[in-house]
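**Q** Read off the chains here:
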Amino acid sequence: MLLARVRGPVSSSVHHPAYAGRSLQCVVPLGADGEREHGGLLAVDMVGAGRGDLVLVGQPPGYAAKAFAFPDAPIRSLILAIIDRVEREA
Amino acid sequence: MNFARVVGRVVATRRAPNLTEPLLLLLQPLDEDLRDRGLPLVAVSPVSAAGRGELVYYVSGSDATGALDNHFQPVDAAVVGFVDGYAGARLPASQSPADVKGEARGPGAAHGTVKAAGPSIAPTVATPVGDEGGD
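So the protein sequences, as listed, match chains A and B. Residues 1 to 90 (the numbering used here) are what the first sequence spells out, left to right. Residues 1 to 135 (the numbering used here) are what the second sequence spells out, left to right.
Calculated directly from the structure, the hints in this document are not laboratory data. Beta carbons: idealized from backbone N, C-alpha and C, even for Gly. Don't take every hint at face value.
[Stated by the list, open to error] Straight-line alpha carbon distances no greater than 25 Å define the calculated SDA-like cross-link-like pairs of lysine to any residue that follow:
#	chain 1	residue 1	chain 2	residue 2
1	A	Lys66	B	His71
2	A	Lys66	B	Asn70
3	A	Lys66	A	Arg22
4	A	Lys66	B	Asp69
5	A	Lys66	B	Arg15
6	A	Lys66	B	Gly61
7	A	Lys66	B	Asp63
8	A	Lys66	A	His16
9	A	Lys66	B	Glu21
10	A	Lys66	B	Asn18
11	A	Lys66	B	Leu23
12	A	Lys66	A	Val14
13	A	Lys66	A	Leu42
14	A	Lys66	A	Gly21
15	A	Lys66	B	Ser62
16	A	Lys66	A	Arg76
17	A	Lys66	B	Ser60
18	A	Lys66	A	Ile82
19	A	Lys66	B	Thr13
20	A	Lys66	A	Leu41
21	A	Lys66	B	Leu68
22	A	Lys66	A	Pro17
23	A	Lys66	A	Pro9
24	A	Lys66	A	Ser77
25	A	Lys66	B	Ala12
26	A	Lys66	B	Gly66
27	A	Lys66	B	Pro17
28	A	Lys66	A	His15
29	A	Lys66	B	Pro22
30	A	Lys66	A	Val10
31	A	Lys66	A	Tyr19
32	A	Lys66	B	Phe72
[Said to hold, decoys possible] Sample of chain A residues at the chain B side, in silico, Cβ under 10 Å:
#	residue
33	Leu78
34	Leu80
35	Asp84
[What the hints assert, rightly or not] Here are the computed distance ranges between Cβ atoms for each label pair:
#	chain 1	residue 1	chain 2	residue 2	range
36	A	Arg76	B	Gly88	34 to 42 Å
37	B	Val11	A	Asp72	30 to 38 Å
38	B	Ala87	A	Asp84	36 to 44 Å
39	A	His16	B	Ala87	44 to 52 Å
40	A	Asp84	B	Asp36	21 to 29 Å
Sequences and hints are given; from them, build the entire structure.
**A** Structure (structure tokens):
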């Protein structure tokens, strides 16, 4: 999983059925310094994240298909948690 | 599996369904010379709670949930071991658990941690420069 910052929601009126009713967000992974941003990606939101939130993004194999009861759902990246804080090495 | 160094912990209370693993570690992946490689990542640590600065190895992708009791958790990276020695060298003291301030983790021995088989020679493993000094 990666630490990422939510850039904002993505609206899409034409989409695969697996995406119907899902919240799609653009998220930007953070670098080792916790600040520098790397190339963004799209993720289906499982937790109600909003713009600017620090989140946990993962690509758990097969989870979307099971969680959404949608066999072979073509969904790879998910927002898995909203991060309260990161306790870094002193 | 890959080397990584534990650089912190991630605290998150609002989670996706079934993400119940309590401990989320922030890892910096390392290459074969134990130099930083790529973006930091977050992994669960079902074997034992690693302390900061510790050298571990993790598995990613679909195999990560195999380390968990509940395979349905949305997890794609899991710490599966702690490194005591590498390439015949014991780890420098700066990377041993004993050096981690105020961080008591469960004994690795309870999980069959493999000790370095080689003699206690001077470490030949290149270590990350400058960031292991503690304070």
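**Q** Hints first: check each against the structure and report whether it holds.
**A** Verification of the hints:
For the suggested pair A/Lys66 and B/His71, the alpha carbons sit about 12 Å apart, so the restraint of at most 25 Å is met. The hinted pair formed by A/Lys66 and B/Asn70 meets the criterion: a straight-line CA distance of about 14 Å does not exceed 25 Å. Taking the CA atoms of A/Lys66 and A/Arg22, the gap is near 15 Å; set against the 25 Å cutoff, the hint holds. With a C-alpha separation of about 17 Å, the suggested pair A/Lys66 and B/Asp69 falls inside the 25 Å cut-off, and the hint holds.
A distance of roughly 16 Å separates the Cα atoms of A/Lys66 and B/Arg15; the hinted pair therefore holds under the 25 Å criterion. The suggested pairing of A/Lys66 with B/Gly61 holds, with an alpha-carbon distance near 16 Å, which does not exceed 25 Å. As the CA atoms of A/Lys66 and B/Asp63 are separated by approximately 17 Å, the hinted pair is consistent with the 25 Å bound. About 17 Å separates the Cα atoms of A/Lys66 and A/His16, which keeps this hinted pair within 25 Å; it holds.
For the proposed pair A/Lys66 and B/Glu21, the alpha carbon gap of about 18 Å is at most 25 Å, so the pair holds. Restraint check: the Cα-Cα separation between A/Lys66 and B/Asn18 comes to about 11 Å, which is no more than 25 Å; the hinted pair holds. At most 25 Å may separate the alpha-carbon atoms for a hinted pair to count; A/Lys66 and B/Leu23 meet this at roughly 23 Å. The suggested pairing of A/Lys66 with A/Val14 holds, with an alpha-carbon distance near 23 Å, which does not exceed 25 Å.
Distance restraint check for A/Lys66 and A/Leu42: the Cα-Cα separation of roughly 20 Å lies within the 25 Å cut-off, and the hinted pair is therefore satisfied. Pair hint A/Lys66 plus A/Gly21 holds up; C-alpha atoms about 16 Å apart against a cutoff of 25 Å. At most 25 Å may separate the alpha-carbon atoms for a hinted pair to count; A/Lys66 and B/Ser62 meet this at roughly 14 Å. Distance hint between A/Lys66 and A/Arg76 is fulfilled; the C-alpha atoms sit about 12 Å from each other, no more than 25 Å.
For the proposed pair A/Lys66 and B/Ser60, the alpha carbon gap of about 19 Å is at most 25 Å, so the pair holds. Straight-line distance between C-alpha atoms of A/Lys66 and A/Ile82 comes to about 21 Å, which keeps the hinted pair within the 25 Å bound. Restraint check: the Cα-Cα separation between A/Lys66 and B/Thr13 comes to about 22 Å, which is no more than 25 Å; the hinted pair holds. A C-alpha spacing of about 22 Å is found between A/Lys66 and A/Leu41, which places the hinted pair at or below 25 Å, so the restraint holds.
A hinted pair counts as satisfied when its Cα atoms are at most 25 Å apart, and A/Lys66 with B/Leu68 qualifies at roughly 17 Å. This hinted pair checks out: A/Lys66 and A/Pro17 have alpha carbons roughly 15 Å apart, not beyond 25 Å. Between A/Lys66 and A/Pro9 the CA atoms are separated by roughly 23 Å; this keeps the pair inside 25 Å, and the hint holds. With a C-alpha separation of about 14 Å, the suggested pairing of A/Lys66 with A/Ser77 holds against the 25 Å cut-off.
The hinted pair formed by A/Lys66 and B/Ala12 meets the criterion: a straight-line CA distance of about 23 Å does not exceed 25 Å. Between A/Lys66 and B/Gly66 the alpha-carbon distance is near 16 Å, which keeps this suggested pair within the 25 Å criterion. Of the supplied pair hints, the one linking A/Lys66 and B/Pro17 holds, its CA atoms being roughly 11 Å apart against a limit of 25 Å. Using a Cα cut-off of 25 Å, the hinted pair A/Lys66 and A/His15 holds, with the two alpha carbons roughly 19 Å apart.
Simply put, A/Lys66 and B/Pro22 have alpha-carbon atoms about 22 Å apart, close enough for the 25 Å limit, and the pair holds. Simply put, A/Lys66 and A/Val10 have alpha-carbon atoms about 23 Å apart, close enough for the 25 Å limit, and the pair holds. With a C-alpha separation of about 14 Å, the suggested pair A/Lys66 and A/Tyr19 falls inside the 25 Å cut-off, and the hint holds. With a CA separation close to 8 Å, the supplied pair A/Lys66 and B/Phe72 stays within the 25 Å bound.
Taking 10 Å as the C-beta cut-off, the interface hint given for A/Leu78 holds, the closest approach to chain B being about 6 Å. For A/Leu80, the shortest C-beta to C-beta distance to chain B is roughly 5 Å, which falls under 10 Å, so the interface hint holds. Hint on A/Asp84 holds. Least Cβ distance to chain B is approximately 5 Å, under the 10 Å limit. At about 40 Å, the beta-carbon gap between A/Arg76 and B/Gly88 stays in the expected band of 34 to 42 Å.
Range check, B/Val11 to A/Asp72: about 34 Å between beta-carbon atoms, so the 30 to 38 Å window is met. Roughly 39 Å separates the CB atoms of B/Ala87 and A/Asp84, a value that falls within the hinted 36 to 44 Å. Range check, A/His16 to B/Ala87: about 48 Å between beta-carbon atoms, so the 44 to 52 Å window is met. Between A/Asp84 and B/Asp36 the Cβ separation comes to about 26 Å, which falls inside the hinted range of 21 to 29 Å.
Going through the hint list in order, the structure satisfies each hint without exception.
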